[in-house]
Each structure stands twice: as C-alpha cells, then as structure tokens.
Amino acid sequence: MVSAVLAFPAGSAPPQNPLQAAPPELFVEVLEDAWAVGDEKTYTLMFDRAPLGSQAMRLVSLRRLPGGEREAVFQQRISLDLRALGQEGSLEHSGTIRYRLSGPGPYHYREGLLTENRYDTYRKGKNYHRNLSVELEPAAGTYQITEHGTGETTRGTLPGTTETLLLDLLLLGHWERVFEARARWPVGETLPQPVVLPTSMPRLDFHLALDGPRPVAPQATTLQIVVEAKEEIDLFGARLQAFRCRVEPTGLTLWISPHGGVLRFDDGRGLTGALEP
Amino acid sequence: MSVRQWIVAASVALALMPSAAGATERASLGGPISDFWNQVKRDWADSIPGLRSGSQQTYQWISLVYGSPGEDSVLDNMLAHEMRTWSSMMQRKWVRSMFWKKPYDRLQRESFYGSRALRKNLVVMGTPASNPLIVEMTEGTPFVVDDQLVRIGQREYRGTSLVLAFIRPNPMGDGSYVLVLAAPHRQALLGLLALPLGPTDYVLFRGGHVVESGFLDWSQPDQLTLSSGREINPDHQAWHEVDTPPVRVHFHPAEFRAVQAEAFGKDRRAGLQKLRDFLGLDLTDGWDEYLYPSLDVKMLHTSSPGSTSVDLAAGAVHRVWQPGDAVASWPAAMVMLWRAWGATDLQGLLYGLSLLPDGELEGQSLQAWAARLAARGELARAEQLIPRQGFQEPDGGSLQILGLGAFLQHVLDERGLEAMELFYRQARTGSFRRKFREVMGTSLSRAEADWRKALPGQVGPSAMAGDHRTTEQLPSGIAADRLQQGEAMFLARQDTEARRWLQRALEADPDLGQAHLLLARLAFRAGNDMEAQEHARQALLLAGNDPALAAWARVTLGRAHAARGELQAARLELTDPAVPAGPDEPRILADYWLESLGISPSRAAAARYLSQQAEIDLQSYRWEDAEKRVLRILTADPGNVDAHHQLARIRLHKYQYWYDFAALYNELFPGTTRSDPDQYFYLAQSSRRESRKGALLASGEYTPMDLDLGEILASGPGPRQSAGSGVFLPRAGIGGGQHRQHFRRAEGYFLAGDWKQAASNLKAILAMGIPVSNFRALVLFRLGFCEQQMERWDDAGLHLIEANRIVRDRGMKAEILRLLQHQPAKKAAAEPPGRKR
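Those sequence lines, one after another, are chains W and Z. Take 1 as the starting number for the first sequence in this note's numbering and just add one per residue. Take 1 as the starting number for the second sequence in this note's numbering and just add one per residue.
The set of hints was computed from the structure by calculation and includes no laboratory data. Ideal placement from N, C-alpha and C gives every residue a C-beta, glycine not left out. Warning: the hint list may mix true and false statements.
[What the hints assert, rightly or not] Covered, in the sense of this in silico footprint (three residues per stretch, anywhere, with C-beta under 8 Å from a C-beta of chain Z), are these stretches of chain W:
| no. | region |
| --- | --- |
| 1 | 47 to 55 |
| 2 | 155 to 164 |
| 3 | 264 to 271 |
Using the sequences and the hints, build the whole thing.
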C-alpha cells in the first residue's frame, strides 16, 4: 500500500525497467501492499531530546469496496508524557483513519488531555475530551466536521482538487498516504501536494501550557515536498539508508525508508520522532 | 516477561499434560518453572488435613541441595549468603513452606542421599564440580552442563557467567519437581537474585541476560526433549575478536571495523600503566571488552541499561562506544581488582578503588566531586558506603561513591599501595572497620574526619559551577532591548535569529545571565552540549538571586551532561537544591530526566528493561519497586497491554501473600489477632481492574482514554462477564476456609487470563468437597471455561457436564449450555459423561 522510495540522479532519464536495470537508489516508486493487516509501527517521540511519548499505527483492515476500490483502515494512537515539556499530565490521542487507495477517505479521531502527573489505576480527572469526525470531499471541496457528544457539525467549502488529501500534521499515518500517492519520486525535485489541514499543528514548548483542544479550523494549502538527499541515519543503533524530505511551509523534515515508510521526522520546533526497531 | 508469554507457557504446558481424571485428580507435572510452587501447594492440599491447617500444622518442606564449599572461603560465604537470601525469598511464595537446605558433601556424609527428603520437591543448585546432583539431573534432558559449557540440544554456549535454570520431574520422587540452577562457574551463581524465573520450562542466562528460553516436551517425563518455540536472543553471535594483549576486543563487523577495534584495544593497553601504578595489579590474564554502537544494541545483548556495565564473573566490560570517545578505566580496574585481589561483597569498596587509576570521573577530579557533595551536605560516611551493594552499575545511581573514591585516594596517598591492598584483602573476611584500624593504625572514622577537614571548601566555577555570584546587575538599555528580541525569537523557536540577538546582547553587556542561559538552551536544542555547558555555567555565575535562572541553568547543565553520557554529573546538577527552588517547569523537567537517566530513549527498549526489572523486584517481594517500574511504563504508554497485565500480577501477588499470611497467622494464633484476610481484597480488586484494562485494550475496541475516563470500567461489560460476578461464597468454616482464598485467587487469575493458575486453584476447591451445590457448580463451570481456553476439551466437557447436572441458577445454566456448544462436536460426543468419576 505504501510507496517504495528510489531515486535517480538529477538530469538523467529513468531507465525502461527500473527494477532490473537501475540501481535501487535511482527511483521513487510505489509498492502495493507494503502493510499487512495487523502490522504495527511505533514511533518514539522526543521533545528537546527528552522522551515525550509514542505514536503507534496499526492496519486493522484492508477491504475491497463496491466498484473495485480498496480501503485501508488504520488505527492510530499518540501518548504524550507532558513532563518532558515541564508540565504535569499526559495527552492521549487516538484516531481511525480510512484511506480509499484511489483517494482520501474520512478521518475520525478522539483526543483527550489527562491532567494527572502519573498513571494511576483510578485516574478519573480530565482536562478535556472530545470526539471528532472529519470528512472531506476533495473534488467538490466540501468538508464536514462533527463533534460527537455535543452534536455540533461544521460544514464548509475549501478550494480542492481530486488530488487533495486530508492531512493532520500530527499523524504519521497521514504522511504515509502522501507518499503512497506518488508513483515516482526523484531526488532533488519539488513536488506540490494540495492538502486540507483539519486542525493546526499543536505547538509544544515549555512555556506553552497544553491545556485545551486544538482548534478545528480547516484550511487548504499546498505543501511543497522536496526530496533533498539520500543519507544514512541512525535509528536506536541501527544504521539505515533514508531519503530526507523537507516539507514547506511547515518546516517539517521527514526521513523516508526505501520502502516508503516514515523512519524519522523533525518538526523543526523541538519535536522529533523515530521508528522503533 | 509478558502475560502473553505466560499464557502461552501455561497453555503449552497444559496441552501436553495427560488428561485430568476428575475433580479430585492430582495435577500432572508439565512445567513451566513457575509451576514448581503450584506443585508445592498441591502437595500441601493433598496432605493430611490436621497437618495443613490449624494451630498444629507443619511446614510444607522443600529440599534444597547446593554446591559443596570450595577453596575460596570468601566466595563460599558470598555464595551461601546468596543461596540463603534466594531461598528465603522463594519460600515466601507459599507462606506454609520451608526449605530444608544441605550442601552436597553433607548430604553424602550424613547419608541423606536417596532419603525421603530428596523425594520431595527439590531445588538443586551449584556447578557440576561442587554438586554432582547437577549431572544426575541433566540425564534424560536435552541439557548438558560441565565446567566449560552449557549445551541445550545441539546449541553450545561457553562463558563464565552462564546460569541454566530448568524444571523436570524429580527422578527420585513421586510426582514432585526438581528445579535445577546450574552454572559452569561458581561465581555466576552470585547473580541468582537478579534472574527472573518463571514462564518457561528452561532459561539460560548470561550475566542476567536471557540468552535462550523455551519449553520441553513432557510426553515422556523420563526422557524430556526440547519442544518447539525456543526463543534465542542475541548473544554476540557472529561477533569478531581482536586480541591486543591483555585486552580482547569483541565487536560486530557490521558496526565497527577491525582496525577501529584494534585501535580501541591499543588505547586500552596504553592506559594499563595507570592500573599497574595505582593498584599494582597483575594484568597477564587480561580482560574482554565488548563494543556496542548504541544503548539499544547493548540492551539487546546484555539486558543492562547504561553506557557501561561490568560482568565481574565473566571478567568482561560492555561499553557503548564510538571511535573518538574517551574511555574510562574504572570498569577494567573493577574486573582486574576482582580477579587479582579476590571477590568481595564490599562492592562500594571495589568500585571506590576502581576509580583510583583515573583519579577522576567524567572529567572532574574525585576530590571535586567530594567537595561538591560535602557542600550540599550529601557526602555519606565511608563506613556506610564501603559495604554498600549495587555499584556494579555506576550509571544507576552511585553518585555518593565518588566521595568514597576520593577518600580512598587520600588513604592511598597517605599509607601506600601495600596497606590498601592488605586492607582490601582482609576486609573481605571480617569487620572492615576493625581491619582498617589494624592495617592503617587509625580508626576509619578518624581517618575520614581528617580527610574531610582537608577538603576544599570552595570548588572552582569552571569545574563544578557551584558558586553563585551575589551581585545582581540590571542590563543597560541596548542590551536589554537585544535580550528582549532574543527572548522573543527563542520562544518562537527561531533559533538562528535568537542566537544572533543574544550574542549581540552579550556584546553590549557580557554579564547578562539570562542571555547566557538562553544561549545554553539554544545550544542544547541544537545538540552542542559543550557550548550549552559553558553558557549554563556562566549563567549560574551570574544568576544572583534569580531562582528561575538558577534552576533553568542547573537543568540545562544537567541535560547537557546527560546527553554526553556524563550521568553522575547530570544527576548532581538535576538534584541541585536550586532546581526545586525555581519554577515548576524546570523542576518537573529535572525529575523527568532523572527518571529516564541512563535508559535508552527508545520507548520499547526502556519498557522491556523496566518490565524485566519489575519481574526481578516481584520475585524478591519488592512490590512497591516493581509497581513503580511498571507505572513508569504506563505513564509513557498507557496503552501497553503487557504492562497492565504485569501490574495486575504484581497486585495479585501482593494480595495473595498478605491474604495467606493473615490466614496462617489466624490459624496459628487463634483468638489473638483480629486481622481479617479479606481486608486485602482491595488489592485483588485493583488487580482485576488492571487486568480488565489490559484485556479491553488488547481487544482493540478501546483506547487508554476510555479506560482512564472510567467510561468502560465503571459500567461497561468486562472481558469475560459470562463468568459471573458478585459470587456467594460458602461460609469460611466449611473446608477450613481455604476455599475462599482459593476462589479469590482463581478469580484474580481468571481475570488476568492465567488459565492454568486459575484452574489449579479451582481444582483445589473441588478437592475440599464443599457441600454447597451451586458453589460447586460455579467452580466446575469456571474450571470448564479455563480448560476450554486451554483447549483441554475432554476435561472441559466433563466439568461442564457435571456443572450442568447440579446447577440450580438458570442464568448460569444458560451460560454452561452455551459453553458446551463450543465443545468440538466429536470430542463432546466421544466422551461419556462421568467417565472418570
């Protein structure tokens, strides 16, 4: 389902059969079914070099829809220990992400901030807790956001195309979707990707109290994704070849494996994540 | 070890067991190691009622045969102490049990060999040389242990720190187990207390690291073979060795080049002069150095966190190292001291002495460490530190031992090497205080007091950043503007701009402490730890009476030290009194860094380590420590299913111990105590809650948010609600009251998904013949359910049919019928009801 990242030298034409004739580092190419149902990836998140928490995603189903389309359903969970930010409490975020492999699907997530310092069997308190569904119809440029429990629904229109993707910057699962959408990805090339961002990227810092939900304010924008270089990175002692991609205007840097998955990221503002072995 | 592994272990073991022959049947032997204690309890349940309960009851005896003493009396004492501590821990697993302990030579001398004592559940411990029973016990098993190696099937392991633990039927007994703890070398058994035993039939450790574990095929108890499902962990397979005498450097060719390893070895060789000069050691035997590129790789191979660890039994040093890193001598000194001057249980003394060749740690002299600790009022007395345990892992909290190192350095300077060596050797065998007086000619206290007087009162700021400048200056107008700009950029995370403004502010006023602090934090963010330290020290000098500045400067300095692997310096800064005196953010951050200091930032690796440590704590009845470690896993990852189950087990374990203890006390001293065993039921409830959380999370339908907000647990369905709740228990007087505790236990195990333990406790209730039919039906029903989970269809069918026959409760009847429908059709039809009655 995800892409495989292969690159070729800038200026040279891609060979006829890249798998046979080209060295593997020359191309960016999509591989089908890189995920099997039940596969899970977990990222260790760090803030200013302290372990902040983890982000895990798991493919829970892969099914064929009427009309021959296929849909992948991922569950994603983020746990943040806010003591790494000098604050008490922890943040939980879980979401269900559906992809139609030919296009984007709805996105459902829940988010809650728990204010206690530590895990406790009888923890009850909460700072906030909400349950949101976000649906986007890219061709029509319409979106609908529903907050379950309160019954509040927000509808609106945004400029969009059939290539527009729904992208929550916090969720690595969404980034996988971006890479899947590309057949080939040459090093050095900048690729525009129209996206709808349902919520703003959370700002994490020592002086910013994380005490409320991220405001829901969808905005359409076009990300410029540059595959800058191929380089060796260190993942908890394992040395791997990865493609460094810069995402503007977010300031995000992603390191992508030759199999298309996100290996590491750096939001440029202190938050980094690395795939656990 | 996870509950999942436990369940697998229990299922595998049970699947291999012969069919049960009804409710009163004695359970068969089938491992895993943790079943040893179940068997002890089963034996207790089978014993004569007057002997197992009431004020006249006797202990349930377990025999322990350990190795005969050798030539080194100090090592013998240490081994005997380790064995006694281990056995006292183990016998707490069943409060009515007691070890009968004999060394092998006395067993022979006193004609106990082949006696009734050896027919009981038996623990055999030692080396093949010190305890020939080891060799006897490996017959009919896939294991071979001799003085060189351990062989498991076709796989051979060599090394001095190997310990093999396995369980087998007692060949001298009738339906009892033997737990074998065998090592090729005696010193390896000194680490016995730190070996987590339990979920598998056998496990091989190398210095506390599980090298291989797995199950046995019990279908022929007198000829056990390896079952499928062996788990083999990395153990330096395919590693290369470069010999640069006396150092043997081990490395993986994918991580290091041979030339790098050789350069490392030659560097070590060049540093040998220090060891010779300071400690007069004979280095001809050499030692082994293992190099790892990261903490995670080291964890995989050694199960030990921290950048450096020492395996004294194996004479090996394990380090995280990259070419160009500075290398401390203390680990090698520790190995050589241990080998040359003899094993000692005075670990503080050993570690303190091992620091002397370098005379410093993390770039700072021992004297400076001692002075800083003394200034904070935290320099402990030498007589407390010399015998202190737990210094083999200096990353794990040995800040104070640096002061002891400084004191020993002083003694070495004053009295010379020969006196120091003599003190070390003599201190091994007697009172170290008396030996100090005899060897040094003065008391330890007096020598220490003299040394303390000579400690410098002030430590230079460039070395330790311990001073505060008292003058406070307000910044000039231009400097203040630039500082403000820099601060705004800093908060906006525009680091390049922030740095520019702050440097310009310092050009205008070099005494701006706040500017230095922000530059330190910027440097730390960027990974420039040296620069961060320099600016943080400057900030500390200029902090004046600003508590926030001082606190942040200490925390930044501590974090920079930690990032460079200087964990003692980091600990010293992060625990500085200035930190709690400041605002909340640096205080919370400092506590958090202290908690994760020396552990890999990889959440998975940290969780694995904490889980193993929690298991060791649990084995040693340190419930609070075990709970703390698991809570650390859950704080970082509330969705960790294994951690929820582990927490449940810890609480259940605590409940069982105190319940059993209170029940026993009441029986032994009736009428003298008002303690009610049921007062500990809150622990069982807490355990149930955690295991339910684990089960719900594992189902994938719930998230930690649901569980923490109490939405599910308060009102929602449990994972196995069909088993019923709010059970009426027959009154305590029936069957000696033991059925109540067995039922509570079974309930806990049932909820934790530990089918084997649950079934074992339920069977014990059936054996008591409680004449309350509905209760009996409930027990049979649950037993049937457990057996279905273990796919023991025959037994499940028998128990469910009997439950169905006697049950009166309609709801339960419906549940029983539903379970009976799940029985495989052929199996259910083939078994005539009551076949084994």
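Structure-based check of all given hints:
1. Counting residues of the region 47 to 55 of chain W whose CB lies closer than 8 Å to any CB of chain Z gives 6, which reaches the minimum of 3, so the coverage claim holds.
2. With 0 residues carrying a beta carbon less than 8 Å from a beta carbon of chain Z, the region 155 to 164 of chain W misses the three-residue requirement, and the given coverage is violated.
3. Three residues within the 8 Å Cβ limit are the bar, and the region 264 to 271 of chain W against chain Z gives 3, so the coverage statement holds.
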